[in-house]
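Peer 1: Next come the chains, spelled out residue by residue.
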Amino acid sequence: MSYLEYNVKYVPSGLRKLLYVNWPIVMLITAVASFGFLMLYSVAGGDASAWMAPQMKRFGVGMVLMLIVAMVPIWFWRNMAALAYVISLALLVAVEFVGSTGMGAQRWIDLGFIRLQPSELMKIGMVMFLAAYYDWLPVKKASHPFWVLLPLVFIALPTMLVLTQPDLGTALLLVIGGGTVMFLAGVHWAYFGTVIAGGASAVYAVLQSRGTDWQLLKDYQFRRIDTFLDPANDPLGAGYHITQAKIALGSGGWTGRGFMQGTQSRLNFLPEKQTDFIFTSLAEEFGFVGAITLLVLYALIIFFCIASAMTNKDRFASLLTLGVAMTFFLYFAVNMAMVMGLAPVVGVPLPLVSYGGSAMLVLLLGFGLMQSAHVHKPR
Amino acid sequence: MRRPPKETDESARKISRRALLLGSAQLGFVGILAARMQTLQVDQADEFRLLAEENRIAIRLIPPARGLIFDMNGVPLAINEQNYRIVMVRENAGDVEATLARLTQLIDVDPEVIERALEEIRRRSPFVPVTIVERVAWDDIVKVTVNAPALPGITAEVGLSRQYPLGQDTAHVVGYVGPVSDYDLSLLDDPDPLLQIPRFQIGKTGVENKLEVALRGAAGARRIEVNAVGRVMRELDRREGITGAEVQLTLDARLQAYVEARLEGESAAAVVIDCDTGDLRAVGSAPSFDPNLFVRGISVADWTALNDSIYRPLAAKSTQGAYPPGSTFKMVTALAALEAGVIDAESTVYCRGFTEVSGTRFHCWKGSGHGNINLHESLKQSCDCYYYEIAQRAGIDAIAGMARKLGIGVRPDLPMSAVVQGIAPDRAWKREVRGEDWRIGDTVNASIGQGYVLASPLQLAIMTARLATGRSVTPRLIHTIDGVEQPGGAGEPLGLNENYLRRIRASMYDVSNHQRGTAYGSRIVAEGARMAGKTGTSQVRRITAEERARGVTRNADLPWERRDHALWVNYAPYDNPRYAVAVVVEHGGGGSAAAAPIGRDITLQALYDGPPPLDAYPSNVRGHIAEQQERIQARMPPGATTRDRA
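Keeping their order, the protein sequence lines are chains A and B.
Heads up: the first sequence at position 373 corresponds to 373 in our numbering, and the numbers run straight through without jumps.
Heads up: the second sequence at position 146 corresponds to 146 in our numbering, and the numbers run straight through without jumps.
Looking at chain B on its own, in the form it has when it is part of the complex (with noise of 0.2 Å):
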């Protein structure tokens, strides 16, 4: 069949137009897409090229290496310690829990460690590296990588971790460091990126925590390319970071590590202080603890262990403890009386065991009496009557007064975890704090170190230091950060009355170099090496009037937490002084027994920079000293006593 020509003719005409229409449109909307290529091609390149490149680039932190911690002589304290780990990618072990078993059959491992790794296999990216082991032996990475065709995934690393050589005997004063957590997170405002790595080291206590900035270092960058699941697909570039600050302590690990042995067994702390500087020389707490334990993570039957012990092992006593210094106080009750005008040198008070004071009878230790007794030899004899009485003249103003410019009650600047203010009570304080006015009592309590009284060992040690030099002596722990000298601590004159001082320095002198001095028996008989010194025994509990009739418990009959605090304070030369040394000794008993001999023991070692010369000790003595010379020797690490920096 022909179609007409003419209806065929105006079919196609209508299509041609309706076609063209057609045409027109689709070019239109050529012409939108057209343009749209140019507004996000050509008009915003820039703004999409920029987001295309933080899609691709990730930056990824490098952790510097910690500074190190040397002490005066350059011993190592803290170092970092090249360690060796498992490690295992998921994607490449195939069957990750066979490859677990054979790796555990290989090397001994503590299931409970596999068992936390494939949690955190699970948890993690295929392609992200997983500790399986920290603290790989050699022998065991050889192991590992020999039969590295049956362990597929796993490989060995190289780390850094942090390393005590000297252990418990620096664990107060350095501190440890552990893997951030959110708590220490929580308490910085504007957190450094190098916490978000998961498990980084900061430090935790002591030097470690407190100079955590300056240790830490600065974190390097590598820049990564990354794909959109995060896998690294190549290095772009690389900034090494910078390694923290090293720091020098102006502690002296031999003589530190010889305070902590000397006062093993005991629950104590001494501290020796440099006059001249104010440089601690060591700060001894016992008993102490492994802080390498904390690096490495640790069990919570060590953890319930340290925690629960009686002795405190984690408290730094020398810092923390504030214990009441009885007649180690003395001194600043008596400088106060006499700068306060109210005794000269030479008067007398009389003794006759006890001191009535509003009608409440307040003992002194010797039930006899001194009978008439002045200022050289109640502190030699440590009499309690004559400060009782000074103290009522002088006034506890005066005292505590006196007590600050020594240094009790007002808190060290010291870079350590807890440094206790102490307590140098006055009228403002117990109105302040207990909300009770002052009493007389409460000035005669405090007149022999005891009531309200609170000094830490440290403070002690900082009397003593001012008292030998009446000048304000301040504690310095840190002696260079990277090579500057931090600002030392030989103070300004105390504005004291040398003639005084003198007097309570000679006092001082015979308390141990007199036979009738209490701490006699702990005396230094070398020349050039004489200490002065004082005794204190504190009291820990209420003696009842019922129980002085019936005769005072010894302490040896006291369950240990009620006996007496021993403590001592000595310096030394007595004419030239070099160290002041302050002991504290927990329920130790008295302190011419428990306290006296550890700080001559801690005064020489110091004078004579290592073990002293057995003459140097009384006669009577010596056989004894040598043997526990011998037996200090034995313990003392082996890196405290190299001197390859020095």
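If we strip away everything but chain A, and leave its shape as in the complex, we get (with noise of 0.2 Å):
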């Protein structure tokens, strides 16, 4: 499967792929991640070899590998989809065994290098496995229910595996990535009312086994779901971390407290202020001026992305687009709905800003597919 498949008039080959990659994008990730570094810098007090200097060097490894990644022709990695899928469920089972815990959750691998995430691996994985999988089946099968219920399964499977870690945030990301992929891929309506109704009774059975010998959930996630609903109930306590984080937000007003003046991060009222809560020391130092100016930003990545999709018309890459960007969406949007007190505090970083190194490499590394998509769009 190749170019062959369509009426093509132009095919880029060798370095001239380099003029057809999607720069507006590139720009804008370096420009997300610039943001990041001027923070990491901030909330260490002014020391750039803590958290900014490692983040850059991450940085650029990421953006190589990115390139890299474009210049692969794109089906090369349609091919690739299942072996990505697997590799990434058999690491989430490796985790369950050889996994480190941090923070009352077993969550990663140390491989010496990096701490590698499976689960930010698998949102790439499945993403791109399902793309896949509906490139492969013929649109008219999209909606036979045998066919709805594959799919099912392979977001099922890593799902259920994340949920026993237990990492509920990514869990919910992983089911809304995988279902935003077979939404796009033109899934009947009926199937996505019916997946609500019973995500929402899900939940109310969930809410409903607090205490109760089946519990769902571990008391921890419940006591963040209390904190989330009213967080001044507690505000020493588990409500502290979103009560601070508001503070922070709020009294950075229009233009923000200076760049390093943030008193709520600077004297370590924020918590993980160079993680999660990274967009709270932002929104205080440069105010309400540099928060939508970093939402915008997100806004206009997405907006590319789904341009390019919509311009393309391989069913994998425009998928697989569309996927990454949901992906990415999903990272920002709900790491920000958290800090702001709109979500429960889940543990998801804003995307390529937060300092760590998992998730900035998979992004990037998802935004290389997205780039090979682009390159080797059938123009």
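These are computed hints drawn from the structure, not numbers from a lab.
All values derive from a computational prediction rather than experimental measurement.
Glycine is no exception: its CB is placed at the ideal position from the N, C-alpha and C atoms.
Warning: the hint list may mix true and false statements.
As the list claims (entries may be wrong) - 27 Å max Cα-Cα, derived DSSO-like pairs, lysine-lysine:
# : chain 1 : residue 1 : chain 2 : residue 2
1 : A       : K313      : B       : K143
2 : B       : K14       : A       : K140
3 : B       : K14       : A       : K9
As the list claims (entries may be wrong) - One side only, chain A facing chain B, incomplete, derived with CB under 10 Å:
#  : residue
4  : R16
5  : N79
6  : T164
7  : T180
8  : Y204
9  : Q208
10 : T243
11 : G250
12 : R257
13 : G258
14 : M260
15 : F303
16 : M336
17 : M340
Given two chains presented individually in distinct reference frames, assemble the corresponding complex, making use of the accompanying hints.
Peer 2: See below:
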């Protein structure tokens, strides 16, 4: 499978492919990452070596990887999709046995140079696999119950594994990411209606299970939900993070308190200020203007992805592009909603900004795939 | 395999449609996020800014320097002394125990103190400085400073601590300070935030306690930036506190020291009051204690010794002790009878050694009796029967009224820890307190200051000053607060018949100046310093009929706590009263032997404002007095005699 499937007028090759890379997205990604470097420098109290330098190094490696992936023809990745999914799944199983525990959950494998979170890898792996699946599946069969059940199993397998870690946030993101690909692939509306109704009942069941023998979530997860619903209830305990985060955001005002002047982050009132809560530091120091700027940058990345997908005739390519875009969207939307008190604290980093290797590398790999789709678009 | 173009296009269109839908949903969510940002960052910005400031800024109080206390001449009675202490910050210390071990090798520290400090260090956050030893000698501070590299985390600091230069001489009046306790806080409705400072020193007794609010001053404040765990990052600004008010007492430190020295060896109290102003020049109580022990934190052994002593060193006997005034009460009875018109100065009563009242015999101290005796002689010789008789004529209510007029049974308003009211008993009092009817025998007992009558040495001094002046002299202890003069106690005329008063004074004069006066042995011979006084000997036990038949046991043969109290009141000079003095020697025996000489010495010391010339004393006692003066001068604290601020 290749360009031979389409009527193409022009095929870029060799280094000429670089001209066809979606440069606006590369620039947007760099802009967002630079925001991150600035904030990592600031929350470290002006110490570049603490977080900023390693982050820049990782970003550099990630960008190179992204371009390498982009240079590889998209059909190669389509053929690799099943393998990527199986490897991710295998790692998820492995993490159950050899994984290290952090924050009360089994999440990562220490590979020496990187702490790999297989669940992050799975986000891209599953999007790839489902895109490949729907590329392979004749369009007419997409809504056939059997062919709907199959991808549901593909989604359910990793989700279950992630849930046992237990990482509720990632599990939800996997389900939503997978569901989005199914939706885009043209699965009938009725299925989604059913799933949403079922999901609502499931949430109800989970909440009802609290305190019983068959309790479905850990106590700390329930507490996070409580805290989300009413952070003021426990301002020095579980609600502390959300309350302090809101104070940081709010005290930023229009233009913020100035670079490195954020008292909330500098004086350690903010939890995990360099990772999940970095947006609050940013909003505190750069204010509404800075926060909106970041949001617009994110939105533009999504916009360019959708635009690229819509102009791509290749089914796998556009599904993959939209899937990656959706994954990226879920990262920042959930993270921002979380720190602004719109969603429970679930431990999702702010993409390309939060300090951390796994998420950034996985996202840049995802953008590499998206770029590959863009470069190798049938023209 | 080439894909059918139709299928490809259709699939792409479908994806595009749904992608647009998804994109709109995403845009919608971005819109929600943006709206949320606006709510938090624009609409509620001020509110959150305030919360962030509250988070960030903590206010730490700066304790003000406590107000100083001086005597009337500016001799310091309570000062703030610089005090070196050794402080440790755990996070800088590395191995805390090893560092402390090195410290103990260097300077001498009680292992118990180290143990306590260790406990505190473990309890506090690692960045909080914890005091290890206080009041460290300068030499030790030097050692610690020089060896600083071997003692990481340990620094020497300077603080202020209360010190009482005259020590035990002013302990009962000035009182002492100590760290605020939960009990202290529970007494206050709206405690000063300063009191929340750990180990903040507040007045516990005496003037330190009663004038606490004035002496404490107002807290200063530092606004500091703290981080989430409370570590101080920097100081934003600082407002110094207001030093506590300077308090000047009416006491004369030198006289006070003399009084304490003169009372030494007895369990006794003495008060010197200025007849013109009511100023208390000396308020002595012996034995005393060193208030500095309490500031430092008194050891259990010292505390037990003070608390268990039968001589009650902690009690301010001059204000807190209530004694039967004995014969010193006779002026009250006499004046009450005169004012009631039931006797005149010349009317006589026959004393045969006892009086029988409703079947009970009330004895005169002189078993053989005084024969026919008038007011003048009865006071001079302290005949009891005379008073048994005139009291029955005047009635107890007149006597109690006169007692209250002269200050007995009325609580003096003094800023000291315990100031007793005493008792001037009458019918109403007995019915209320005892639930019994007044009996005539009670009147007879009260007439000579026994029975229910109780008065403190301070009240006896007030009574004497009032007799000497005819004015309602009230005691004053605080001369100025921050330079503002406090109301004096010269008092209004009591409205007593001056002729009667003159009679009483003349009799009191003879008590110490007439050969047959009970205090003739303690007379002052210097003209212009002669005193008028009255002895008193009050029983603390009942003498039974059998014992009287056998012969009354002599005081010296009784155990100390059953001996009579010896009392003395006087004022001087007789013709121009300046000072009134009251002396009570607990279980001292006879007033003329045990109390009057003390009163005489104190009076002379006050009148001469220093050691009096020997020729103020009758020649037969001069040798003894010279010795005594030498002994007392040697004991007087040097601080009391400096007059640098006078």
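Peer 1: Report the numbers of all earlier hints that the structure fails to satisfy, in ascending order.
Peer 2: Hints 1, 4, 5, 6, 8, 9, 13 and 14 not satisfied by this model.
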